[in-house]
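One letter stands for each residue in the lines below.
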Amino acid sequence: MDKYRASGPEGTVRPIMKVPRPLPSSEGARPSGRGMDQFRHMFLKTGVITQASGSAYVEMERTKVICGVYGPRLAAQKHQSFEKAVLTCDYKYATFARKGKRAGYIPDQNEKDVSMTLVQALESSIFLDKFPKNVIELYVLVMQDDGGAVGAAITCASLALASAGIEMVDLVSACSASQIGKQIIVDPDVDEERNQTGGVTVARMSSLGQVTHVMQTGMMDLRATSQALELCVDGCDKIYHLMRKALIE
Amino acid sequence: HISPSERYFLEQGVVVGVRADGRGRMGYRPFSLETGLMPVANGSARLRIGTTDILVGVKAELAEVDPERPNQGKIVCSVECCPSASPEFEGRGAEYLNAELAQALERILSPPTSLDLTHLCVTPGEKCWIIYVDALVLDSGGNLFDALSIASRAALHDTRIPKIKMVTNEKGQVEIDLSDDPDQFLRLDVGPVPVLVTLTHIGGFHVVDATMAEEQCMHARVTVGVNKAGALCAINKGGVGGIAAGTIDQMLKACVPIGLDILSKMDTLLLKEEQTQPDK
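Protein chains in written order, with this note's numbering: chain A, 24 to 272; chain B, 3 to 282.
In case anyone wonders, no lab produced these hints; they're calculated from the structure. Be careful, since some hints might not be right.
[Claimed, not checked] To be clear about the criterion: a stretch of chain B counts as covered by chain A if any three or more of its residues have a C-beta under 8 Å from a C-beta of chain A, and this derived list gives those stretches:
id, region
1, 159 to 167
2, 197 to 203
[To be verified] Straight-line C-alpha distance at most 16 Å; calculated EDC-like pairs for lysine to aspartate or glutamate:
id, chain 1, residue 1, chain 2, residue 2
3, A, K153, A, E82
4, B, K61, B, E172
5, A, K135, B, D68
6, B, K255, A, D244
7, A, K124, B, D136
8, A, K68, A, E82
[What the hints assert, rightly or not] Some chain B residues flagged as far from chain A (calculated, every beta-carbon gap over 12 Å):
id, residue
9, T53
10, E70
11, K129
12, D179
13, F207
14, A215
15, R223
16, L234
17, A247
Where is the CB? At the ideal position from N, CA and C, for every residue including glycine.
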């Protein structure tokens, strides 16, 4: 129970707003006016958190994600690791980040799963054996989720690690694609994600050509999945160039 | 944990195509499946594969519908790796593993991938059944994703929910009217439910149904949900290594026949159980 807020009387229900949501039509026009393979404009900036070793902010129109990196610093007893550093991640949605009900503060199953996903996607890109007995902590906060939050989080975290000066094999970029009906569209927003029959998120190290994470939800046949994977891989390469530009500036 | 020499031995075994227990790379351990073990639960199943032992219990409760989906019931999955199963699961050690496993189950059991939740709606817009699928990992011998998906699918097949109607009595109150016939149950059609197939990438090759020791040597794993129609859902890559995109394609193609084989074995076992014990 939240002791710090005066909640409304019991038996209150939030209003249900029935606003018709336009969907991609069968001819293929997306309601936002974007093309099928057109990404949203992306804004990337590093050095946004002064107290952190490294930080980054990624904004894809209405999806806003910020990440702070703390470390490498000496690991507490529980992180026992003598040969290489331990990478931990705390992924969290701000309580006002998503449409619908206000989210809670305690990490739920989904947030813990994405935290693990981030660690798996980024671990192979860092030279962890250069920092034995150390821990590198990532804190990712999704301030607003308008679709593609997990992909943006991976990109943001990788950029933050680079801005912290941690030695890395390569930058990891990530993006997602959805299948709606027979169409495959890249970089879906939250309405398109809710109405998808299936969706794919891919994280990739572009210089090495290796995929560090793949996640697919919903139902897709093999052909559609391969097509979506290809589109995501191309998208990741494009985002990689944007990341490099943001670091150089 | 395994020593570097043991790791080398297992990796070389995979390269040559003969694993530590004599299986080929695509060999699956035989599994035993029982349902209906717990009369208190609405449905239950126990799966044993190698030393992995999974127990799944399903409970159904009445709840308010989700305003965004007023004609559907709900399904909530949770997984607990019992601390008794492995010393790593003690205390909060298994916290993240539990979340990962539970999320994987939710991905294959929630619409649009499988169960038709409209059957679970009691009064559209008001009341529905919420199904809690709670899985316990009693003993861990590797390949938890696949084992959990098979056991959960069997437990859902075994689930029996009483048929009820919400009626308004003379005083204007809403009551639950239970059907008089004790053999009248609502069953779930698990035909379209997929099973997870995990391919573990070791030594440059991929193997299916990895044992605990093989999982310690893994570079990466890809877990794929495969349903009866051979469609893919809930693909998830795990492990910290990177894989080339072409390899992922190969792994996806390899998963489909394995998944179809498991589904047919499972359905045969479930049918046999149904026939030998028609009234429980």
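Going down the list of hints, with the structure as the test:
1. 159 to 167: violated (count 0)
2. 197 to 203: Result for this restraint: violated, n = 0.
3. A:K153 <-> A:E82: Distance of about 31 Å is beyond 16 Å: violated.
4. B:K61 <-> B:E172: violated, 32 Å
5. A:K135 <-> B:D68: Violated - the C-alpha atoms of B:D68 and A:K135 are around 23 Å apart, more than 16 Å.
6. B:K255 <-> A:D244: holds, 11 Å
7. A:K124 <-> B:D136: violated, 25 Å
8. A:K68 <-> A:E82: Holds. A:K68 to A:E82 sits at ~9 Å (cutoff 16 Å).
9. T53: Holds: least Cβ distance 24 Å, greater than 12 Å.
10. E70: violated, 7 Å
11. K129: Holds: least Cβ distance 15 Å, greater than 12 Å.
12. D179: holds, 25 Å
13. F207: holds, 17 Å
14. A215: holds, 20 Å
15. R223: violated, 10 Å
16. L234: violated, 6 Å
17. A247: violated, 5 Å
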